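Start from the sequences, fold in the hints, and give me the full structure.
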Amino acid sequence: MGTSKTRLLACLAGLVVLAVAACGGGGGKSGGGGNATIPGPTPVAPVAEFSGTPLSIQTGQSVSFTDLSTGTPTSWAWDLDGNGTTDSTAQNPSFQYNTAGVFQVSLQVTNAFSSDVETKAAYVTVTAPATGSVNIDVDSNRDGVVNAADDANEDTWGTTRGAVIYYNLDDDDANAAEDYKDTTASGSDLNDLARIFVRQYAALSAGGSCTVLVSGSAQSRIRIFQNTAGSWSGVYSTGASFTLPAATVAAGDIELSIEARDRMSATWNGYVTLTLEIRDASNTLLGTDAVILRVAPPLMSTNLWRATQYHVVNIATGSTNNAALRSAMQTICTAGGFQYREAAGTSYSGDRWLQDSSEFAVTQLPVSGSPRRVVDHVMQLARWRPCDAWCKSTLLGADFDFFERFSTDTASTNYGGNFEVVPPTASMPWGRVMFGGGNGTQLGTSTSVNRHMIAAYREFFDAAAIQGPHLEITSEWLAVGHVDEFTMFIPAPNTARGWVCLIASPARSLTVLQATQSAGQGAAAVFAGRSGYATTVNAILADTALMTLNQQAQTRIDQARSQIKAATGITDADFIHLPVLFEYASGNYVAALNPGDVNLVCLPSANGTTYLAIPDPEGPDIGGVDQWQADITAQLNALFTAGSPVAITYVDVFFSYHDLLGEAHCGSNFVRVPPADDWWNK
Amino acid sequence: MTKLTLITALALAALLAPALHADLKADLDAAAQVQPGDHANWVKARDKIVDMGAPALDELAKAAAIENWTAKGWTRALVAESARLRIEKPELAPQVDSPRGIDPEHYLKTRLAAPVCRRDLARLGTQGVPLLLERWRWTLDAKPFSEGEPGKAEREELARALLAVPGQLADSRAQYALLLVLRDETTSAQWRQDAAVSYGQCAGSTALEPLGMLLDDARQPLQVREGCAWALGRVPTAAALDAIKQRLNDARITGGETGPALTRALVNGISILGSKWGWQARAVSEQDTGNAIRKDCAELLVATIKQQPQEASQIADALANVAWQESLAWVQDLSKNAEVTAETREAALKCIEPLKMALEREK
Numbered sequence: 000m001g002t003s004k005t006r007l008l009a010c011l012a013g014l015v016v017l018a019v020a021a022c023g024g025g026g027g028k029s030g031g032g033g034n035a036t037i038p039g040p041t042p043v044a045p046v047a048e049f050s051g052t053p054l055s056i057q058t059g060q061s062v063s064f065t066d067l068s069t070g071t072p073t074s075w076a077w078d079l080d081g082n083g084t085t086d087s088t089a090q091n092p093s094f095q096y097n098t099a100g101v102f103q104v105s106l107q108v109t110n111a112f113s114s115d116v117e118t119k120a121a122y123v124t125v126t127a128p129a130t131g132s133v134n135i136d137v138d139s140n141r142d143g144v145v146n147a148a149d150d151a152n153e154d155t156w157g158t159t160r161g162a163v164i165y166y167n168l169d170d171d172d173a174n175a176a177e178d179y180k181d182t183t184a185s186g187s188d189l190n191d192l193a194r195i196f197v198r199q200y201a202a203l204s205a206g207g208s209c210t211v212l213v214s215g216s217a218q219s220r221i222r223i224f225q226n227t228a229g230s231w232s233g234v235y236s237t238g239a240s241f242t243l244p245a246a247t248v249a250a251g252d253i254e255l256s257i258e259a260r261d262r263m264s265a266t267w268n269g270y271v272t273l274t275l276e277i278r279d280a281s282n283t284l285l286g287t288d289a290v291i292l293r294v295a296p297p298l299m300s301t302n303l304w305r306a307t308q309y310h311v312v313n314i315a316t317g318s319t320n321n322a323a324l325r326s327a328m329q330t331i332c333t334a335g336g337f338q339y340r341e342a343a344g345t346s347y348s349g350d351r352w353l354q355d356s357s358e359f360a361v362t363q364l365p366v367s368g369s370p371r372r373v374v375d376h377v378m379q380l381a382r383w384r385p386c387d388a389w390c391k392s393t394l395l396g397a398d399f400d401f402f403e404r405f406s407t408d409t410a411s412t413n414y415g416g417n418f419e420v421v422p423p424t425a426s427m428p429w430g431r432v433m434f435g436g437g438n439g440t441q442l443g444t445s446t447s448v449n450r451h452m453i454a455a456y457r458e459f460f461d462a463a464a465i466q467g468p469h470l471e472i473t474s475e476w477l478a479v480g481h482v483d484e485f486t487m488f489i490p491a492p493n494t495a496r497g498w499v500c501l502i503a504s505p506a507r508s509l510t511v512l513q514a515t516q517s518a519g520q521g522a523a524a525v526f527a528g529r530s531g532y533a534t535t536v537n538a539i540l541a542d543t544a545l546m547t548l549n550q551q552a553q554t555r556i557d558q559a560r561s562q563i564k565a566a567t568g569i570t571d572a573d574f575i576h577l578p579v580l581f582e583y584a585s586g587n588y589v590a591a592l593n594p595g596d597v598n599l600v601c602l603p604s605a606n607g608t609t610y611l612a613i614p615d616p617e618g619p620d621i622g623g624v625d626q627w628q629a630d631i632t633a634q635l636n637a638l639f640t641a642g643s644p645v646a647i648t649y650v651d652v653f654f655s656y657h658d659l660l661g662e663a664h665c666g667s668n669f670v671r672v673p674p675a676d677d678w679w680n681k
Numbered sequence: 000m001t002k003l004t005l006i007t008a009l010a011l012a013a014l015l016a017p018a019l020h021a022d023l024k025a026d027l028d029a030a031a032q033v034q035p036g037d038h039a040n041w042v043k044a045r046d047k048i049v050d051m052g053a054p055a056l057d058e059l060a061k062a063a064a065i066e067n068w069t070a071k072g073w074t075r076a077l078v079a080e081s082a083r084l085r086i087e088k089p090e091l092a093p094q095v096d097s098p099r100g101i102d103p104e105h106y107l108k109t110r111l112a113a114p115v116c117r118r119d120l121a122r123l124g125t126q127g128v129p130l131l132l133e134r135w136r137w138t139l140d141a142k143p144f145s146e147g148e149p150g151k152a153e154r155e156e157l158a159r160a161l162l163a164v165p166g167q168l169a170d171s172r173a174q175y176a177l178l179l180v181l182r183d184e185t186t187s188a189q190w191r192q193d194a195a196v197s198y199g200q201c202a203g204s205t206a207l208e209p210l211g212m213l214l215d216d217a218r219q220p221l222q223v224r225e226g227c228a229w230a231l232g233r234v235p236t237a238a239a240l241d242a243i244k245q246r247l248n249d250a251r252i253t254g255g256e257t258g259p260a261l262t263r264a265l266v267n268g269i270s271i272l273g274s275k276w277g278w279q280a281r282a283v284s285e286q287d288t289g290n291a292i293r294k295d296c297a298e299l300l301v302a303t304i305k306q307q308p309q310e311a312s313q314i315a316d317a318l319a320n321v322a323w324q325e326s327l328a329w330v331q332d333l334s335k336n337a338e339v340t341a342e343t344r345e346a347a348l349k350c351i352e353p354l355k356m357a358l359e360r361e362k
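As given, the protein sequences belong to chains E and W, one line each in that order. FYI, in numbering that gives the first Met the number 0 the residues of the first sequence are 0 to 681. FYI, in numbering that gives the first Met the number 0 the residues of the second sequence are 0 to 362.
Hints listed in this document are in silico derivations from the structure and should not be mistaken for laboratory results. The structure displayed is predicted, hence computed values, not measured ones. Heads up, a few of these hints could be off.
Rough simulated footprint, nothing fancy, chain W against chain E, three-plus residues with beta-carbon under 8 Å [to be verified]:
#1 444-453
#2 557-568
List of simulated lysine-lysine pairs, BS3-like, C-alpha gap at most 27 Å [stated by the list, open to error]:
#3 W:K349 <-> W:K335
#4 E:K564 <-> W:K88
#5 W:K61 <-> W:K88
#6 W:K47 <-> E:K564
#7 W:K355 <-> E:K564
#8 W:K24 <-> E:K564
#9 W:K355 <-> W:K294
#10 W:K47 <-> W:K61
#11 W:K24 <-> W:K61
Backbone N, C-alpha and C define an ideal beta-carbon position, used for all residues, glycine too.
Right, dumping it as structure tokens:
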């Protein structure tokens with residue numbers, strides 16, 4: 000709405016004013032200077048101003064106008080419909096509008112000294128009376144059906160209202176491609192599309208129009224189909240709006256369906272506002288209605304979720320074969336009731352790092368007749384190695400999403416191992432995604448290192464705003480650079496919080512080694528029997544360079560601990576320190592010296608037992624007891640209860656994973672079941 | 000070697016001793032003279048010695064004795080030790096001549112899918128160091144690397160590991176080779192930096208002067224000067240701390256464009272020199288010295304907060320590694336000291352939490 004003012008300096012007869020300025024709005028005062036003033040009445044010019052209410056009405060209704068002018072006007076001339084003629088000379092008129100349109104209003108006020116005009120363009124909006132209601136509906140109350148109950152507050156998204164749509168990443172038609180790529184919708188895929196109804200507007204004439212406007216950031220990121228006698232055809236994929244035929248709108252309700260076809264990012268938070276506009280043949284706006292929808296974010300699984308499937312690559316032969324891990328996991332899967340699934344290593348050129356290639360999640364959607372619909376989801380990470388293909392080729396299908404990697408960047412900080420989820424806290428009820436990285440230095444140097452999970456992934460979770468904003472903890476000092484090299488969250492039913500953060504601890508390693516040495520067992524072998532690797536407690540403790548390096552590693556891990564505490568509110572008591580030492584691996588970057596026991600497989604089961612497959616740290620052996628193992632077992636057992644026990648298996652991953660810069664977790668992946676709760680309610 | 004073979008070899012050695020002695024001496028001299036990088040002639044010269052086999056072992060051991068590793072004689076000692084290892088421990092040399100860490104067949108299986116050499120070569124221990132020096136000096140490019148970028152990465156990884164590992168293992172025999180690299184202005188700054196750190200670890204107090212000179216030389220690449228600052232911290236003496244302190248107080252080092260980076264490098268040197276765990280690893284007889292140095296390191300770091308508050312992160316890291324108990328009170332006092340700048344108080348405050356965590360775990 001624009002306003003304009005035209006000052007009419009009509010100095011009226013009878014005044015003796017020598018100073019032109021005195022004819023302005025401020026009022027003149029006699030005084031010094033060069034102007035001679037003859038005493039007389041002080042001139043006060045009027046300044047026009049007004050307001051009206053209501054400003055949006057239907058034809059036949061009235062607007063009341065109030066004069067707000069200053070300067071004591073003595074007459075008023077109102078042009079209330081913008082046609083250039085005076086409609087009223089009352090000071091505070093009321094005016095009935097009988098035709099639809101948008102009207103300019105002007106007021107000219109006059110007093111004895113001068114006059115002034117105030118014009119407000121596009122001030123009153125008058126629409127035709129509702130012969131039908133302009134109405135677009137979505138499942139705002141999230142009960143899986145679209146009906147009159149959805150009408151209230153349908154344009155606001157919150158914990159109780161707001162429709163949900165699906166980023167159509169599964170493959171119902173089995174064409175080996177995500178369904179959002181399809182330009183048609185049919186069959187069971189229709190169950191994945193949220194419904195929208197444009198309600199009948201019977202009075203819409205043939206020359207009228209029905210337009211649905213798509214909010215700016217959502218444009219080209221959704222696809223909408225129209226149901227015509229059971230056949231669905233696309234009506235929107237790009238642009239600012241789409242139209243529906245007036246005759247169809249006049250004939251009855253129109254059923255549409257919507258899917259998202261892009262991910263959330265720094266430029267789109269997943270919200271879509273659809274605004275329905277209906278106009279008559281003269282392009283007069285007959286009414287509008289708006290609804291809001293939000294894309295369901297993938298809920299990344301935490302180690303607290305019950306596991307249903309365990310995945311591993313079968314490396315059957317060679318010195319780095321993983322027979323020991325596979326065998327142990329088959330036993331665990333049998334005991335815990337998990338489905339054990341192997342990918343053939345030969346299909347992926349021996350690439351065994353399943354954890355790095357993908358992350359698992361679920362997508363939850365409102366559905367009629369049950370609390371919610373849960374779609375499994377696998378997110379491919381930007382890695383570009385052979386087994387990246389596994390998740391699409393093996394898992395993509397009906398109700399199993401495949402979320403293709405976001406980037407061509409191949410830095411190791413983008414891998415899945417650098418992606419963990421802090422379990423739920425009071426402020427983050429679905430947990431919080433955690434990446435490793437930072438602007439730090441390589442250990443033993445002051446060389447700056449800036450390594451991070453690539454922005455696209457960080458921005459995705461920040462925009463989704465359910466398990467974000469993301470948390471970044473220092474890991475740039477590691478050769479691979481992943482959070483799972485030194486942190487892992489596991490259930491802890493015997494604690495108030497219900498979970499703990501396992502954290503690699505060179506200090507803990509040292510404590511155990513020193514105790515072993517003090518007990519006269521300094522000659523005890525570490526990595527016993529591993530030719531080229533075996534050493535002793537004494538040798539480790541006397542290695543100045545190694546000890547210096549490990550103290551620096553401990554300082555970085557302490558820094559990470561501080562970062563986790565500050566971001567989540569957990570305390571020192573929530574960390575369990577497990578013995579891990581580090582060594583220089585490449586250049587001045589480091590990796591675990593002993594098989595990294597923190598990098599474990601955690602599988603909570605339906606039978607109440609949590610199964611932990613822990614890399615065998617191969618610590619000092621005294622009387623057949625591995626002192627590092629004993630320390631780990633004692634600490635972990637204390638976290639569980641008789642009713643919710645833990646079953647610990649130490650797994651030999653020395654050559655199959657550890658010697659290749661990874662551990663058991665790095666080579667595994669898991670499908671899990673989320674808690675029975677809805678993300679949209681929190 | 001079987002008993003019979005050994006007896007035969009010894010008998011043969013006794014029979015041939017005079018001739019062998021003369022030939023070996025000449026061959027060692029000749030091999031030591033082979034120009035660096037001339038792998039073809041080196042391999043011929045070396046193999047001529049290696050081919051002498053077991054009978055040459057005693058003479059080679061004498062030639063490779065520690066007293067022969069001098070500024071003038073180290074290449075000859077290196078030839079002897081390399082040949083001796085190739086005869087006596089033939090399983091070692093292939094791990095240096097053909098490291099799996101630069102073999103795509105192996106490294107593409109790793110989580111990084113990139114060449115990774117340093118830890119494998121370090122596992123050979125000090126016995127492998129002469130082979131590393133040999134590879135550096137004569138045979139770095141004896142075998143082709145992969146084509147293109149992967150090959151460049153393999154060569155870089157190998158070269159850096161060859162330079163870093165002798166220092167990591169504190170093998171004093173490597174100091175002369177490393178000093179040559181450090182001083183060679185035609186060598187890449189990265190390699191010279193690696194050589195600097197390694198040299199500091201190998202050469203002890205002898206290293207202080209060359210390191211200090213290069214650190215002070217503004218014509219040197221920053222990377223080399225940083226490496227020298229780090230290396231000062233690898234010389235576990237009070238004199239090394241004095242050298243660092245002197246430079247932290249020298250505006251020619253801490254000022255100008257390179258000042259901040261060199262300040263951080265010197266703070267890093269203190270962090271290493273004062274490392275509590277590092278000193279714990281040394282002999283009981285060295286603990287008193289260690290405690291005195293650590294205390295001085297902590298004091299110097301707290302003083303540096305006042306001089307260089309903008310480097311609080313690096314200083315906090317260093318204070319946590321030195322983990323000197325009293326330093327917490329010093330830093331806390333500084334954080335409340337009204338006579339210092341607000342920036343200094345803020346920097347001191349930043350150091351408290353990491354230091355507290357370090358001291359807590361050291362109890």
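Verify this for me: three or more residues of the stretch 557-568 of chain E with a beta carbon less than 8 Å from a beta carbon of chain W. As far as the stretch 557-568 of chain E goes, the hint holds, because 4 residues have Cβ atoms under 8 Å from chain W.
With the threshold set at 27 Å, check whether the alpha-carbon distance from K355 of chain W to K294 of chain W stays at or below it. 16 Å, holds
K24 of chain W and K564 of chain E: Cα distance at most 27 Å? Judged against 27 Å, a Cα distance of about 66 Å means the pair is violated.
Mind taking a look at whether chain W covers the stretch 444-453 of chain E? Criterion is 3 or more residues with CB to CB distance under 8 Å. That given contact holds, which follows from 3 residues of the stretch 444-453 of chain E lying within Cβ reach (below 8 Å) of chain W.
Would you check the hint for K47 of chain W and K564 of chain E, treating anything up to 27 Å between C-alpha atoms as holding? 64 Å, violated
Keeping to a limit of 27 Å between CA atoms, is the pair of K61 of chain W and K88 of chain W held or broken? Judged against 27 Å, a Cα distance of about 17 Å means the pair holds.
Against the 27 Å threshold, does the CA-CA distance of K349 of chain W and K335 of chain W hold or violate the hint? 12 Å, holds
Sort out whether K564 of chain E lies within 27 Å of K355 of chain W, counting only the CA atoms. 15 Å, holds
Can you confirm whether the C-alpha distance between K47 of chain W and K61 of chain W stays at or below 27 Å? 18 Å, holds
For the pair we were handed, K564 of chain E and K88 of chain W, check the Cα-Cα distance against 27 Å. It is violated: about 52 Å lies between the C-alpha atoms, which goes past 27 Å.
Check the hint pairing K24 of chain W with K61 of chain W against an upper bound of 27 Å on the C-alpha distance. Within the cut-off at roughly 11 Å; holds.
In the structure shown, a violation is registered for the earlier hints numbered 4, 6 and 8, in ascending order.
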